Amino acid sequence: MSKKEVKNLVVVENVALNSTNFLIKLKSSESIPKIEPGQFVNVEIKDTNEIFLRRPFSVFDMDYTENTMSLIVKILGRGSKKLTEIKKGEELSVVFPLGKTFTYPDINDKILLVGGGSGVAPMLFLAKEAGLKKDNVTMLLGARTSEDHINVQKYEQYGNLYFTTEDGSLGEKGFVTAHSVFKNLKTYNKIYACGPDAMMKSIAKEADKAGVFCEVSLENLMACGFGVCLCCIEPTVKGNLCVCTEGPVFNINDLKW
Amino acid sequence: MSKKEVKNLVVVENVALNSTNFLIKLKSSESIPKIEPGQFVNVEIKDTNEIFLRRPFSVFDMDYTENTMSLIVKILGRGSKKLTEIKKGEELSVVFPLGKTFTYPDINDKILLVGGGSGVAPMLFLAKEAGLKKDNVTMLLGARTSEDHINVQKYEQYGNLYFTTEDGSLGEKGFVTAHSVFKNLKTYNKIYACGPDAMMKSIAKEADKAGVFCEVSLENLMACGFGVCLCCIEPTVKGNLCVCTEGPVFNINDLKW
Amino acid sequence: MVDLAVKINNLEFKNPVLTASGTSGNAEELMDFYDVSKLGGILLKGVTLRNRDGNAYPRMAETASGMLNAVGLQNKGIDYFIANIYPRIKDYKTHLIANVNGSTVEEYIELTEKVDELENISAIELNISCPNVKEGGMSFGISCPSAEAVTREVRRVCNKPLIVKLSPNVTDITEIAKAVEGQGADSVSLVNTFLGMAIDAEKKIPLLSTITGGLSGPAIKPLALRMVWQVYNAVKIPVIGMGGIMNATDAIEFMLAGASAVQVGTAIFKDPFIPVKIIDGIKDYLERHNLESATDLVGSLQL
Amino acid sequence: MVDLAVKINNLEFKNPVLTASGTSGNAEELMDFYDVSKLGGILLKGVTLRNRDGNAYPRMAETASGMLNAVGLQNKGIDYFIANIYPRIKDYKTHLIANVNGSTVEEYIELTEKVDELENISAIELNISCPNVKEGGMSFGISCPSAEAVTREVRRVCNKPLIVKLSPNVTDITEIAKAVEGQGADSVSLVNTFLGMAIDAEKKIPLLSTITGGLSGPAIKPLALRMVWQVYNAVKIPVIGMGGIMNATDAIEFMLAGASAVQVGTAIFKDPFIPVKIIDGIKDYLERHNLESATDLVGSLQL
Ligand SMILES: Cc1cc2nc3c(=O)[nH]c(=O)nc-3n(C[C@H](O)[C@H](O)[C@H](O)COP(=O)(O)OP(=O)(O)OC[C@H]3O[C@@H](n4cnc5c(N)ncnc54)[C@H](O)[C@@H]3O)c2cc1C
Ligand SMILES: Cc1cc2nc3c(=O)[nH]c(=O)nc-3n(C[C@H](O)[C@H](O)[C@H](O)COP(=O)(O)OP(=O)(O)OC[C@H]3O[C@@H](n4cnc5c(N)ncnc54)[C@H](O)[C@@H]3O)c2cc1C
Ligand SMILES: Cc1cc2nc3c(=O)[nH]c(=O)nc-3n(C[C@H](O)[C@H](O)[C@H](O)COP(=O)(O)O)c2cc1C
Ligand SMILES: Cc1cc2nc3c(=O)[nH]c(=O)nc-3n(C[C@H](O)[C@H](O)[C@H](O)COP(=O)(O)O)c2cc1C
Ligand code: FES
Ligand code: FES
Chain A
2 MSKKEVKNLV
12 VVENVALNST
22 NFLIKLKSSE
32 SIPKIEPGQF
42 VNVEIKDTNE
52 IFLRRPFSVF
62 DMDYTENTMS
72 LIVKILGRGS
82 KKLTEIKKGE
92 ELSVVFPLGK
102 TFTYPDINDK
112 ILLVGGGSGV
122 APMLFLAKEA
132 GLKKDNVTML
142 LGARTSEDHI
152 NVQKYEQYGN
162 LYFTTEDGSL
172 GEKGFVTAHS
182 VFKNLKTYNK
192 IYACGPDAMM
202 KSIAKEADKA
212 GVFCEVSLEN
222 LMACGFGVCL
232 CCIEPTVKGN
242 LCVCTEGPVF
252 NINDLKW
Chain B
2 MSKKEVKNLV
12 VVENVALNST
22 NFLIKLKSSE
32 SIPKIEPGQF
42 VNVEIKDTNE
52 IFLRRPFSVF
62 DMDYTENTMS
72 LIVKILGRGS
82 KKLTEIKKGE
92 ELSVVFPLGK
102 TFTYPDINDK
112 ILLVGGGSGV
122 APMLFLAKEA
132 GLKKDNVTML
142 LGARTSEDHI
152 NVQKYEQYGN
162 LYFTTEDGSL
172 GEKGFVTAHS
182 VFKNLKTYNK
192 IYACGPDAMM
202 KSIAKEADKA
212 GVFCEVSLEN
222 LMACGFGVCL
232 CCIEPTVKGN
242 LCVCTEGPVF
252 NINDLKW
Chain C
110 MVDLAVKINN
120 LEFKNPVLTA
130 SGTSGNAEEL
140 MDFYDVSKLG
150 GILLKGVTLR
160 NRDGNAYPRM
170 AETASGMLNA
180 VGLQNKGIDY
190 FIANIYPRIK
200 DYKTHLIANV
210 NGSTVEEYIE
220 LTEKVDELEN
230 ISAIELNISC
240 PNVKEGGMSF
250 GISCPSAEAV
260 TREVRRVCNK
270 PLIVKLSPNV
280 TDITEIAKAV
290 EGQGADSVSL
300 VNTFLGMAID
310 AEKKIPLLST
320 ITGGLSGPAI
330 KPLALRMVWQ
340 VYNAVKIPVI
350 GMGGIMNATD
360 AIEFMLAGAS
370 AVQVGTAIFK
380 DPFIPVKIID
390 GIKDYLERHN
400 LESATDLVGS
410 LQL
Chain D
110 MVDLAVKINN
120 LEFKNPVLTA
130 SGTSGNAEEL
140 MDFYDVSKLG
150 GILLKGVTLR
160 NRDGNAYPRM
170 AETASGMLNA
180 VGLQNKGIDY
190 FIANIYPRIK
200 DYKTHLIANV
210 NGSTVEEYIE
220 LTEKVDELEN
230 ISAIELNISC
240 PNVKEGGMSF
250 GISCPSAEAV
260 TREVRRVCNK
270 PLIVKLSPNV
280 TDITEIAKAV
290 EGQGADSVSL
300 VNTFLGMAID
310 AEKKIPLLST
320 ITGGLSGPAI
330 KPLALRMVWQ
340 VYNAVKIPVI
350 GMGGIMNATD
360 AIEFMLAGAS
370 AVQVGTAIFK
380 DPFIPVKIID
390 GIKDYLERHN
400 LESATDLVGS
410 LQL
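As given, the protein sequences belong to chains A, B, C and D, one line each in that order. At position 242 of the first sequence (counting the first as 1) the number is 243 in the working numbering, and the numbers step up by one without a gap. At position 214 of the second sequence (counting the first as 1) the number is 215 in the working numbering, and the numbers step up by one without a gap. At position 10 of the third sequence (counting the first as 1) the number is 119 in the working numbering, and the numbers step up by one without a gap. At position 229 of the fourth sequence (counting the first as 1) the number is 338 in the working numbering, and the numbers step up by one without a gap.
Everything labelled a hint here was simulated from the structure, so no lab data went into it. Do not take every clue at face value.
Said to hold, decoys possible - Capping the alpha-carbon separation at 25 Å, the derived lysine to any residue pairs in SDA-like fashion look like this: (1) C/Lys312 to D/Lys312; (2) A/Lys88 to A/Ser20; (3) B/Lys88 to A/Leu162; (4) B/Lys191 to B/Val153; (5) B/Lys83 to A/Ser20; (6) A/Lys89 to B/Leu77; (7) C/Lys243 to D/Leu412; (8) C/Lys345 to C/Pro254; (9) B/Lys75 to B/Lys4; (10) C/Lys313 to D/Lys312; (11) B/Lys89 to A/Val12; (12) A/Lys35 to D/Asp144; (13) D/Lys199 to A/Glu247; (14) B/Lys202 to B/Lys89; (15) C/Lys313 to D/Lys345; (16) D/Lys116 to D/Ile346; (17) A/Lys184 to A/Leu242; (18) D/Lys312 to C/His398.
What the hints assert, rightly or not - Label pairs and their in silico Cβ distance ranges: (19) C/Asn356 to B/Lys88: 57 to 65 Å; (20) D/Asn342 to A/Ala199: 51 to 59 Å; (21) A/Asn254 to B/Lys88: 48 to 56 Å; (22) D/Asn119 to B/Glu91: 54 to 62 Å.
Model, not experiment: these values are computed from the prediction. We put the CB at the ideal spot given by N, CA and C, even for glycine.
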């Protein structure tokens, strides 16, 4: 059984990627356990009287030589806001590693990764870790406007990047599922998605229609993050499962969508 | 009726006076109302989930040309600790002016001011504002050790300074009431005291014995600070009075000590 | 232009934000900060027939997101109020509501008769829920027969709108609400404080002179909100909601749950301007949600 | 060397710190973090006779210094527990205590009979206080006759120490405590969660699928502490205290108020190591106060 930890990590970087997304890099003084795409950490939001529980964030990147872990935090409400105000040198209490990873693609798989909103982080992490030929990886990122997109140029080495915006200011106009890559879904062996529920549901529908393997990473409200509170459930064909321990990654065939 | 305000003041100075006492200077963008020795402000402690109510602090100094107000904050518990961590440039929400001032001495009065612990601030403020000849003002400050005393050299212009420490490391050894100035209490027209209850009670006893006018400033637990909660009461000959509005300064004849 | 006014028992309030009894003195103390005519109304400090010294110090303990108090209805008695305080405050341009407290039914009656004479007191809030007095107080508010008895008797002598203030320290608050409705209460206000306790672990002593006291503040909000919702669904008379309201969002939640108006209590200790900010915040909300009137909020929670 | 051990109903606990039911899974989840043999005991996740899916999502809402939950006893039923979970956990070197839940007295009996057979279950906690189920649960725990009835019947078939878990949603918790004591409860644990509610003001909807849920966390500590103190003074059987315990000081306060042991619940969600830190903190406190044993704390509040 994989040991889980509660640790104070030191913030070594906190940079704004755009007006609402921040990259926070955390460093451990000891060696950091292996964390894979899809897994997440539960972060304590200190020094505020409004927040009681931790907040879960997907891991965006790991560096085992530096013993660092990176998160992309999108400001949604009070906790994420407060978190983005943390300063270099301050400590952050983190529970990790939590949850299950995506099913890795086979070496010759062609994969499609679709990220929206705060779901971008695990998609980029998976693209990097998948170990596939660049041309076999398609990344599609959706946002409201070009300003809501973050700069992901360096991920071009891992795959082909496409964008959508609702106002057409970057990439194709409309929701991600309206993007042309969805015209030929069958060319992919595996589809992965993380983002708003509505987005993932429409992707799941398309994947299902095309009969393509599809995993999504859900973002439920969590109290504990490690399986004791049973608050984070998702109804599945196997009954109500905890997103924090049986997910956050689910095969769409198991979901009751 | 004196108008009271709730205002965000900017921290323009926060310096450690010793290991537990901090001088915090706050600046208003507008002209600041007159605040006199004995009066206090009620300060919001932000960004902590442990503190719910404000904390009261005596005013230590005012500067009406700079529109600044200074406090001396002694670390006692969680709130005062947090307050001393505030940084220059940050804002502090303050309710003021609260409470009643000391009775000013007459122009030829000889006065004795006794301060201990967090009670030093209003004593020094009164020494400065009293407008008396230096030789008519005696300041006696008590603390556990010399390290617990703060540097008050510049108050030598306002009166004669004496110290006590429990370990004899500065001034006379013992509690303030053991100090030699208490041998000739009758030479004073007015005695003022602020500090721990036990200290003020023994001073009150001496003053009463000597038949000298004596005012003390009480430090009660307060919820509101402006007279609506009735939590901060002190039993007096006039019944239970609110320390925040009828005090914090009381004539010892009114107290049931 | 949105309409903030709400009507309760034929009283028109310019807005639904009142200040709670025991947390806003006798209105004068708020006047030090702003003109109280901005407020929908003010529940005056709890008054008794005779002078009460209240409980011994310490009367207050801070708790997580709240506080305990054990004031115990300190006040100089109704005659002093009538002679000295009422003349000073009676012309404030807001609804002044008396909060009356007795140790016996007879005391409640006598007190109500005196208050009933005061022209500029708009209504009477019958406090049968004070947890900080040895006699009377909460003991009336935690059983149906006693709540009924005191409401019935006071109703007889009360010509003003009669608001009965309910205790949350009960198994089923709707039973008590229905009981007082049955005896002629014009509206109910809830909640008073929850009986709680705090201890100084180092000194091994209770933090309050009275050992137990009343819990108020944001900590109790989820409980108060639940009770307001339950009572709203159980009675026909208007409900006035309170318990931990700190901002406009909180106030709106109480109104969605069924409160026709709200009272702001402990929040005033943190910032006496909060009631005024809440009025502005409700106005904003109504505009954002394209609602015409504050009364549109009442009980409009969607299930 | 201070002695942390406490004895309750002939069970010796190595220290007074247990984890609360529904907040520490079936002990395995804590094993991911540390060896649970450090703990005084573990109250297992509430179990029912048959599989229960629990309530719909959302089941959780954060509140000021606390949270509401509406899990609704999701579990796979006692037979699944016996066949699949019990074998995996039964050799953990700590007291495992079952938390049993029924919709009817018959269900409670049948369930207790099954649990009673499990050798390595040290005791049974009879949960008559769950606010999140439509049938049974809290309805048993808020009236004396029903609390008596279920305790009496379960007592007949229960050969292990029987702890009855009380609901705080009552007018007088001492009445219920005395009632279950009278029917043979070996000890009482309190409190379960307080019935509360939270609303999304912007969407005008309740935040929980069940509208109301159970409030836990520091917000309820003053209320829980008061109830533990009241019950300690009302009954002769041991009291196990809980409600918002976040650190050693909180735990000590409950013991001073009369708890022979404490349970840590919601705090685990913030940091699963909190129960372990509390054990260390109690040890420190005993040393600083020159006390020999954790039992010296129990009820030692000075009035
Ligand atoms: C497994 C997992 C991985 C995640 N990964 C990331 C990530 O990599 N980057 C990132 O920015 N965010 C991520 N999130 C989402 C993140 O946890 C929430 O944005 C954060 O908890 C919001 O906290 P807040 O205090 O800012 O919002 P609040 O002020 O608490 O709430 C604001 C609004 O958002 C809703 N909300 C809050 N939390 C959630 C949630 N978890 N799911 C759905 N609605 C919610 C609330 O109901 C409310 O309406 C992840 C969530 C999960 C469960
Ligand atoms: C009118 C007035 C003027 C004051 N002036 C000053 C000043 O100029 N400088 C200064 O440093 N302090 C002053 N104080 C005291 C200051 O308010 C307290 O030190 C502060 O509130 C402690 O808060 P805390 O959160 O640090 O302590 P907590 O963590 O809340 O408490 C720590 C311990 O101190 C006790 N305690 C807390 N507040 C008080 C209090 N007000 N009276 C008695 N015991 C208390 C608590 O019961 C507890 O045992 C003044 C108090 C009053 C009422
Ligand atoms: C210090 C204090 C004194 C109070 N005095 C009274 C009172 O005299 N009469 C009364 O009916 N309620 C009294 N209350 C209860 C409040 O009116 C209100 O019901 C309760 O505090 C809950 O609201 P809140 O959380 O907004 O404070 C008092 C509350 C506090 C905190
Ligand atoms: C998510 C959650 C689930 C719970 N499930 C149960 C349960 O199954 N059985 C039970 O007796 N109590 C249950 N409780 C109540 C706790 O055991 C405890 O009585 C309560 O939370 C108060 O303690 P706390 O404030 O330390 O959490 C649950 C509490 C929470 C928060
Ligand atoms: S968040 Fe607690 S079980 Fe998933
Ligand atoms: S602190 Fe509220 S009346 Fe003095």
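Here is how each hint holds up against the structure:
no., hint, in the structure
1, C/Lys312 to D/Lys312, "violated (47 Å)"
2, A/Lys88 to A/Ser20, "holds (17 Å)"
3, B/Lys88 to A/Leu162, "violated (44 Å)"
4, B/Lys191 to B/Val153, "holds (22 Å)"
5, B/Lys83 to A/Ser20, "violated (30 Å)"
6, A/Lys89 to B/Leu77, "violated (29 Å)"
7, C/Lys243 to D/Leu412, "holds (17 Å)"
8, C/Lys345 to C/Pro254, "holds (20 Å)"
9, B/Lys75 to B/Lys4, "violated (28 Å)"
10, C/Lys313 to D/Lys312, "violated (46 Å)"
11, B/Lys89 to A/Val12, "holds (22 Å)"
12, A/Lys35 to D/Asp144, "holds (21 Å)"
13, D/Lys199 to A/Glu247, "holds (23 Å)"
14, B/Lys202 to B/Lys89, "violated (38 Å)"
15, C/Lys313 to D/Lys345, "holds (22 Å)"
16, D/Lys116 to D/Ile346, "holds (12 Å)"
17, A/Lys184 to A/Leu242, "violated (33 Å)"
18, D/Lys312 to C/His398, "holds (10 Å)"
19, C/Asn356 to B/Lys88: 57 to 65 Å, "violated (26 Å)"
20, D/Asn342 to A/Ala199: 51 to 59 Å, "holds (56 Å)"
21, A/Asn254 to B/Lys88: 48 to 56 Å, "holds (54 Å)"
22, D/Asn119 to B/Glu91: 54 to 62 Å, "holds (58 Å)"
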